[in-house]
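Undergrad: Single-letter residue listing:
Number of protein chains: 2
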Amino acid sequence: MAENQGEVKLLGVRGSPFVCRVVIALKLKGIEYEFIEENLGNKSDLLLKYNPIHKKVPVLVHNEKPVSESLIIVEYIEEAFKGNPILPTEPYQRALARFWSKFIDDKVFAAVRKAVFTLDEVEREKGVEESLEALQFLENELKSKFFGGDEIGFLDIAATIIAYWVPIFQEVTGLQIFTSDKFPKLYNWSQELINHPIIKESLPPREPLLAFFKGRIEALSASK
Amino acid sequence: MAENQGEVKLLGVRGSPFVCRVVIALKLKGIEYEFIEENLGNKSDLLLKYNPIHKKVPVLVHNEKPVSESLIIVEYIEEAFKGNPILPTEPYQRALARFWSKFIDDKVFAAVRKAVFTLDEVEREKGVEESLEALQFLENELKSKFFGGDEIGFLDIAATIIAYWVPIFQEVTGLQIFTSDKFPKLYNWSQELINHPIIKESLPPREPLLAFFKGRIEALSASK
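Chains as they are written, first to last, in UniProt numbering: chain A, 1 to 224; chain B, 1 to 224.
Treat each hint with caution, since some may be false.
Chain copies aren't distinguished; within one or between two, either way the pair holds.
List time: in silico DSS-like cross-link candidates among lysine-lysine, alpha-carbon distance up to 25 Å [claimed, not checked]:
| id | residue 1 | residue 2 |
| --- | --- | --- |
| 1 | Lys-200 | Lys-214 |
| 2 | Lys-55 | Lys-126 |
| 3 | Lys-145 | Lys-182 |
| 4 | Lys-185 | Lys-43 |
| 5 | Lys-9 | Lys-182 |
| 6 | Lys-107 | Lys-56 |
| 7 | Lys-114 | Lys-102 |
| 8 | Lys-102 | Lys-56 |
| 9 | Lys-55 | Lys-107 |
| 10 | Lys-143 | Lys-55 |
| 11 | Lys-102 | Lys-55 |
| 12 | Lys-145 | Lys-107 |
| 13 | Lys-27 | Lys-145 |
| 14 | Lys-126 | Lys-114 |
| 15 | Lys-102 | Lys-200 |
| 16 | Lys-65 | Lys-107 |
| 17 | Lys-55 | Lys-114 |
| 18 | Lys-49 | Lys-185 |
In short, the hints are calculated from the structure, not lab data.
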C-alpha cells in the first residue's frame, strides 16, 4: 500500500470500460482500494449519496470525498497520489492527451454505440462510417508503442475501450469496424495494451462480457 | 506582455461563450494575443488546418501549436503561463472545478439549448425543467462570492455562459429559467461576475448578440 494513501473506495461495475479506467489508474499508482460492486438496476444508497447528480459509476471515494466522471477521476488520482505519472509533464502534451481522451468519449464511443446498439440500418451504417472516420484520426495520431510513449499514459487508459470492448462488440454483432488491416498501428497498440501486465489484471473477464452484450443486443431486437 | 509568452493567436467568433472562456483566461493571465475572427459560414484554411478534427472555434495557437476544446484550452493556458492561478492547487478542489465545468457543458448547456432552440412544445417544456434542475445543483454548490472563492476561477470561467448568455436567451424567447427569485445565490454571483473588470472587457457587446439570437430563433420558426 502506498504510504498515507488514506481510505480509497471505488463504486463500480466490473464490466464497465469507464470503471476500468479508474482501476487501471489506481493499479498504475499502486493504490490499494476497496471495490464496491454496484447493481445499476437497483442503485445503492451509497451511490445515490456519493453521486446524486448523475447516479452513475464509477465514483471514487477518497477519505469520504467522492469524485465522479472517469477521466476526472483519473486526473484526480494523478494529482492526489505521487509516483508513476500518468500525464506528461509538458503543457502541450498534456493538452493533447486530454483532447484525444475527450475525442474518444465524444466521438469514438458515440459512433461505436450508434453502430452497435441500434436496429435501424441507416443509423447503423452511419455509426460504422463515423467509427471508421474517428479511428482513422487516432491511427494517424499514434507515433509510439503507446500513446503515452514507451509507457502507458492518460490517453492509453482512456482508449482501453477501443482495445478491449470494441472487439467484443464486433464479435457480438458481426460488424467489422476495428480490424488489423484497416488500422494496423492501432491494432498493434491494442495488443500491446491488453497484454501489458497492469492492464491484463485490470480488464474484466471476456466471456461474461460477451454474454452480457449478447443479452443487450437480443433485448434490443426483442423490443423492436 | 508576459515575458517569453511566445506567439499567441486565438481563432474565434466574438459572440461565442466558448471563445469567451479563452479570452477571459488569457486576460486573467495577462497574455497578449492576436484575435482572428472566423466566419463559420465559410471556414478559413487556417481553421481547417489547426482544427481538422472538429473544425470549430475556439482554437488557441501557441507558437504554431494548436489546442482546441474551450475547457482544455483554459487548462492549457493555466499550465503554459505562470501567475494568476485559475485552478485551485488542492487535488480535490481541482477535481470539483473540472466536474462542475463538465456538468455545465453536458447538462446545463444541453438543457438550455433544448429549451431555447426548439419549436416543439413538449421538448421545450422538458428543456426548461432540466435547466431548472441543473441550475439548482449549481445554486447549492455556490458557497462564496465566486465559485473559485474570492477570485474568479476555472468554474466561474466555464459558467460565464449562465451569467451572460442565458439572460440574453431569456430576453429573446420570453422564457423564465434563470431568475433572481428562483436562484438568488446564483443570480448574485452572475452580477458580481459580469461586473468584474476582466470579465466586463471580455464579454461581447449585448445588442449584436440579442439581434443574432433573435435571428436564429426566427429562422427556426420560418423553417417549421
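Undergrad: Each hint: holds or not?
TA: Structure-based check of each hint:
no. : hint                 : result
1   : Lys-200 with Lys-214 : within (23 Å within a copy, 55 Å between copies)
2   : Lys-55 with Lys-126  : between (30 Å within a copy, 20 Å between copies)
3   : Lys-145 with Lys-182 : within (18 Å within a copy, 53 Å between copies)
4   : Lys-185 with Lys-43  : neither (40 Å within a copy, 32 Å between copies)
5   : Lys-9 with Lys-182   : neither (40 Å within a copy, 36 Å between copies)
6   : Lys-107 with Lys-56  : both (20 Å within a copy, 14 Å between copies)
7   : Lys-114 with Lys-102 : both (17 Å within a copy, 23 Å between copies)
8   : Lys-102 with Lys-56  : both (18 Å within a copy, 15 Å between copies)
9   : Lys-55 with Lys-107  : both (23 Å within a copy, 14 Å between copies)
10  : Lys-143 with Lys-55  : between (38 Å within a copy, 23 Å between copies)
11  : Lys-102 with Lys-55  : both (21 Å within a copy, 15 Å between copies)
12  : Lys-145 with Lys-107 : within (23 Å within a copy, 36 Å between copies)
13  : Lys-27 with Lys-145  : within (20 Å within a copy, 39 Å between copies)
14  : Lys-126 with Lys-114 : both (8 Å within a copy, 24 Å between copies)
15  : Lys-102 with Lys-200 : within (24 Å within a copy, 30 Å between copies)
16  : Lys-65 with Lys-107  : between (31 Å within a copy, 22 Å between copies)
17  : Lys-55 with Lys-114  : both (23 Å within a copy, 22 Å between copies)
18  : Lys-49 with Lys-185  : between (43 Å within a copy, 24 Å between copies)
Comparing the model with each earlier hint shows violations of hints 4, 5; every other hint is respected.
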